[in-house]
Structure formats: structure tokens, C-alpha cells
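Here is how the chains run, residue by residue.
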Amino acid sequence: MLNSSLQQLGSALRARKISSVELTQLYLDRITALNPALNAYVTTNTETSLAQSRAADVLLASGNAKPLTGIPIAQKDIFCAKGWRTTCGSKMLANFVAPYDAHVIEQFNNAGAVNLGKTNMDEFAMGSSNETSYFGVVKNPWDQNAVPGGSSGGAACAVAARLCAAATGTDTGGSIRQPAALCGISGIKPTYGTVSRYGMIAFASSLDQAGPMARSAEDLALLLNVMTGFDPRDSTSLQRDKEDYVRDLNKPLVGLRIGLPKEFFAVGLAQDVAGCVNAAIAEYKKLGATIVDISLPNSKLAVPVYYVLAPAEASSNLSRYDGVRYGYRAPEYSDLTEMYEKSRAQGFGEEVKRRIMIGTYVLSHGYYDAYYLQAQKIRRLIAQDFADAFKQCDVIMGPTSPSTAFNLGEKCDDPVQMYLSDIYTIAVNLAGLPGMSIPAGFGSNARPVGLQIIGNYFAEAQMLNVAYQYQQATDSHNRAPQNIGL
Amino acid sequence: MSLTNADVQKVARLARLAMTEAEIESARSQLSGIFDLIAEMQAVDTKGITPMSHAQDLSQRLREDKVTEADQRELFQSIAPQVEAGLYLVPQVIE
Numbered sequence: 001m002l003n004s005s006l007q008q009l010g011s012a013l014r015a016r017k018i019s020s021v022e023l024t025q026l027y028l029d030r031i032t033a034l035n036p037a038l039n040a041y042v043t044t045n046t047e048t049s050l051a052q053s054r055a056a057d058v059l060l061a062s063g064n065a066k067p068l069t070g071i072p073i074a075q076k077d078i079f080c081a082k083g084w085r086t087t088c089g090s091k092m093l094a095n096f097v098a099p100y101d102a103h104v105i106e107q108f109n110n111a112g113a114v115n116l117g118k119t120n121m122d123e124f125a126m127g128s129s130n131e132t133s134y135f136g137v138v139k140n141p142w143d144q145n146a147v148p149g150g151s152s153g154g155a156a157c158a159v160a161a162r163l164c165a166a167a168t169g170t171d172t173g174g175s176i177r178q179p180a181a182l183c184g185i186s187g188i189k190p191t192y193g194t195v196s197r198y199g200m201i202a203f204a205s206s207l208d209q210a211g212p213m214a215r216s217a218e219d220l221a222l223l224l225n226v227m228t229g230f231d232p233r234d235s236t237s238l239q240r241d242k243e244d245y246v247r248d249l250n251k252p253l254v255g256l257r258i259g260l261p262k263e264f265f266a267v268g269l270a271q272d273v274a275g276c277v278n279a280a281i282a283e284y285k286k287l288g289a290t291i292v293d294i295s296l297p298n299s300k301l302a303v304p305v306y307y308v309l310a311p312a313e314a315s316s317n318l319s320r321y322d323g324v325r326y327g328y329r330a331p332e333y334s335d336l337t338e339m340y341e342k343s344r345a346q347g348f349g350e351e352v353k354r355r356i357m358i359g360t361y362v363l364s365h366g367y368y369d370a371y372y373l374q375a376q377k378i379r380r381l382i383a384q385d386f387a388d389a390f391k392q393c394d395v396i397m398g399p400t401s402p403s404t405a406f407n408l409g410e411k412c413d414d415p416v417q418m419y420l421s422d423i424y425t426i427a428v429n430l431a432g433l434p435g436m437s438i439p440a441g442f443g444s445n446a447r448p449v450g451l452q453i454i455g456n457y458f459a460e461a462q463m464l465n466v467a468y469q470y471q472q473a474t475d476s477h478n479r480a481p482q483n484i485g486l
Numbered sequence: 487m488s489l490t491n492a493d494v495q496k497v498a499r500l501a502r503l504a505m506t507e508a509e510i511e512s513a514r515s516q517l518s519g520i521f522d523l524i525a526e527m528q529a530v531d532t533k534g535i536t537p538m539s540h541a542q543d544l545s546q547r548l549r550e551d552k553v554t555e556a557d558q559r560e561l562f563q564s565i566a567p568q569v570e571a572g573l574y575l576v577p578q579v580i581e
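So the sequence lines, in the order shown, correspond to chains R and L. Numbered per this note's numbering, the first sequence finishes at 486, counting up by one with no gaps. Numbered per this note's numbering, the second sequence finishes at 581, counting up by one with no gaps.
If you are wondering where the hints come from, they were derived from the structure by calculation, not from laboratory data. Quantities reported herein were computed from a predicted structural model and do not represent experimental measurements. Relax, there's no trap hidden among the hints.
Pulled from the structure, derived: some chain L residues nowhere near chain R, Cβ distances all over 10 Å: (1) Thr490; (2) Glu511; (3) Asp551.
Some chain L residues judged to face chain R by a derived CB distance under 10 Å, without partners named: (4) Lys496; (5) Leu523; (6) Val579.
Label pairs and their computed distance ranges (CB to CB): (7) R:Ala279 with L:Leu561: 51 to 57 Å; (8) L:Ser564 with R:Val416: 41 to 47 Å; (9) R:Ala282 with L:Ser564: 57 to 63 Å.
No residue lacks a Cβ here, since even glycine has one placed at the ideal position from N, Cα and C.
So that you can see chain L by itself, here it is in the shape it has in the complex:
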């Protein structure tokens, strides 16, 4: 399968990965090779097969809707890149 640079650019945008022109070019050739490998599965007839999303066919366990975690905001924010007054700081998003 041959991907175009525009395909790669679109995927990089969706994945929030900044890429230079040179990186896009190299990613395009490597991803094309990987998709050639993946293409082997297209020939398989899977009509009527139920998709297997998980190793165990279990339903999700539910728990009671009650608070089990203690407040550890200071501990958790001590490893954040930028905080102020208990808030995580990011560039302004609303004018």
C-alpha cells in the first residue's frame, strides 16, 4: 500500500504529533512497508465471525458509586509541568 505525504500529514495532525517535511517523508516509506505487512489479513474471509475485542468474554464489573480515593491534589500537582493556585496551567484557549 502506498501512502501519500498528505495522508501522513493528516494522521500526524490527528495524533497531535508535530512533524517536519523530512520526518513525514521517512514516516511515509516506513508506514507503507508496515501496511504491506498488515495487508496480508485483507484476503481472509471473515464473514459471520464475531469480532474478539478482548481475551476474556466478560462483562464489565460495576462498583458502587461512592468515593474511594482520598484528595491528593498537592501530591499529584507536584509532578505537573505548570500549576498555579491548585490549577493546571495551559496556554489561553478562550479569547
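Only chain R is shown next, with the shape it has when bound in the complex:
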């Protein structure tokens, strides 16, 4: 049951071979057993989850079930879920019980899915290792000395350790793809605007995008069918017809043109990761794809540009945490300014404060043109590079992360080194393109390697097809960590 696909689980539920209550209880028991070591979940709520599963069983018995009815899903703790504590990994929101549902949560509720709990994450999604969470680090289930990646590290860990059937994540600079790669699972960040940001706690609004994390491309397609859709409450939600992301999974890949950007295979890429990525490309050639050498000349500027734009937007978004209407308020203060300054100083962690400071600086008087405006101009050059590349190829491939999972604590004291671990993912967010990561074998330390697939705008169905065909021909996505009680 724990290794079943969502399609198989749905069939078993609809055939009444297992009930949603039994399936939910199975996962809750696994969380009780394994979460103390892995720390993938910040909050579980047994009664609420079981009540949802009982309601799902009624639907299943009535024959009115949808594909995901009764399936337990882990929700990243960035999504407001009514009645659930929603912390965003921060002390600032440690006691915040959301008064409403995010659009993503509504979509899963309408599909009859069960909310299994809220997953750990880097504070306000700012991090690449899950080490900035107020609720402690998450361990990589493949090797508990390693980070799971971030910011959706709890989600990636929960999927890999079979502590949920599937999970949600969000990706501002790589936060779905990088942890998916480091934990050996599949994840997709769709085109910006495809999934509503309503009720998803804001980090950098022009880059934030939610997406699913699961064990296969097939599962991702089913999840994306539920998560996407127009929502008038998000001003950047796109008005498009509802798509069926499963529709193209079985298309053959003969004639597919894969672009390999030379910048993604240059100095800085670990040998063992390069080896796995090249082996995956060789497999694609066997499946009938052709390789095109391309260049993304401005991609090397993605990290500096991102560390101007994302902190600038974050410093604005996080100004709402003032200790007045909700969230943490310092116990002692003498006046209003001191209340703000102390509440924010005590409620935010180091990395969040660092990014607020960067953002405040680049937006401050006298520096706006040199930093913010310059970064926005280079953002266009980066997006143009992709537009030029997609004239020559259908999808772009490369590594998701320059190395396999690094050790806990290894990059904590050096923010610049930590930032550079997202070097291959950030440009995709800047352009607003869809990107995904799928497992592509294991590095020299037996830690997973991710293959990144980047598509053109709205090419998710094609990317899922490309990933699915690889997963039909190979088996690294079916491998499971040891010591997770299977």
C-alpha cells in the first residue's frame, strides 16, 4: 500500500479494498513512529484528519468519489488551513490558527482528499536546507546526517519516507525542485499563475508558485489536476481553461528535442551528479529524443538578481508582521516603535532578518536604480535567453542541484554558499517558466540525484509526459530509503 501510486490507491479505495480511515490511520501511525527522528511534520491533527477520512468513506461508498477522494495528503505549513495551526516555519506564527482555507486547501477539500498534517519548512520558505525552521531541522530519510533540501524539506522527506501518499510544496527559487532532488522524489513547479496564491503565505509574490511533490510523474499529473484553476482572489491567477495533465503521459518521445545548456554543466557541478544526469540523457536518446546544445548566457546572473528581487519583495510582504493583529508580540516594550522592533526581532529568525535587511537596503533611497531596477532589467535578459532557447528545443534538461544533499550544518554559517545551491533552479522562477525534478540515480555517497526538466510556458503536460516515459523505462523513482519501516 505504501508504495502504491495515487491511481492504485484511488482504485483500491473505490473498490472498497481499503477504507480512507484505514489508510489515514496507517499514515498517522507511521508519522507517530518515524516523525520524532525525521521531523517532517510540524503539526498533525488526528481527529480532524480522521473526520475527513470518514467523510471521504461516505463519498466512496456512494459512488461519487473523485480520483483523489480519501487519499491522505501532507500540506506544506505555508498554506492556511482553517482551524489548523499554520506557522510557515516561524516563531512569528507559532500560535497562528488560520481563520480560512488557502485556495489549494479548498481544492483538495473539494476533491475529497484528507489533510494528513502540516509539513516542516524553512522559515517563510527562506532556505535551501530546512535548517532555518523554528521547529528544528528535517532529516534526509536516505541519510540522517544530510539535509533534505529546502524550503519544502518536510514535504520531500514525508514523501520519500512514505509518511504520506503525496504532498504540496511551494517554489520561489527552487523550493520544490531542490528538496525533491535531494530526497529522491518527483516535484513540479508549474507556470507562474497556474496555482492560486490565495492563502499561501507570501515570500516573494512575483516568484512564489505552489506545486505537487510525489513519487512519480503520474502522481504529479493527478495532483496538478486538483491544484490548478482560476481563482479571482489572487490577482495574478491566470484565466485559462482547466487542463487534464494526465492526457499526454503515454505519448512516445520520438523526435523530442532536448536542449542542454552548457552553463548547467560547467565548473561547480559535482562529478557524480554530472554522471547521473548524463546517464539520464543517454536514456532519453534511447527513447528517441535528440540533443541540442544551447546556451543561457545570462543564467549565471540569476543568483545575484534573485537575491535583490526576492528580498525586496519579502521585506515588503513581511512588513505585515507587526505584532498588532496576529502573530508574535514581544512581552515588554515602552512605545509603539519599540513594540514593532522587539516583536520582529524576537519573532523572526536570522535568515529572515537577513533577507529583510537586504530588501530594505536595495529599496532604500539612493539605491533603487542600482539594485532593484538593474535586477529587473537583467530578469528580462534571463527570460529572453529561455525564449531564444525554446526556438531550438522542446524541453531543457540539466541537474537540479550542483551536488547531492550536503551534511547538516555544512553551509549554515555561509549564506553565500547556501544561496549558490539553487544556482540551476532560480532562473526558471525569474522567467516564470514551469520546472520539475525527477530522480535520476544516486551519487557517490548513495544520496539521490535529481534531473531537472524545464518546459516552455504552460508545457506542464508535455513535461509530465517526458518524465513519465523516463520513469516507465527506469526505476530510480521506485527506490525507497532503508530504515523507514517498510
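Assemble chain L onto chain R, guided by the hints.
Okay, now just chain L, sitting in the frame of chain R:
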């Protein structure tokens, strides 16, 4: 790029973040490293390039000016640090 402690202090003030002397010192050295990374983009010639503020070049959608939300004051104030008689309480700002 080298920031001074006074620069950091000014930014912390603008961002409403209380910081001790030791925190300012450590923030100064880490922020300087980050701004060295950011400085790579200064060499790029961007004359004539239109800034890209958003992933989609769309204009903002407008909606009808009518009330769509129900009054949920009690629910929303139940999670506030300090309220009284339906009002959010903060330290006195007007003498």
C-alpha cells in the same frame, strides 16, 4: 562592497528590527559578502532594456466594487495579541 555599522543600523531601523551591537557587527560582515555576490550584476549593460517586474506581462484584473466578504471580526480578533471592545490595542501614540 563594505558596509559600515552605521549603514546596518540605519537599515535595521527602517526595517523595524531591534539589533544589539554584536548582531549589527555580524550582520555587517554577512551582508557585505552577499552584496559582493550581488555586485556581479553591476557590470551588465542594460541600456534600453525594459525592467521585468513580473513573470506575466498582464494588466491588473479589476473587480466590481462590491462587498464580497462577510463580517468575521470576532474570528479574526480571536488570534490577535491584544484586543478590547472589538479594537486592536497598541501602546498609546497620541499624548
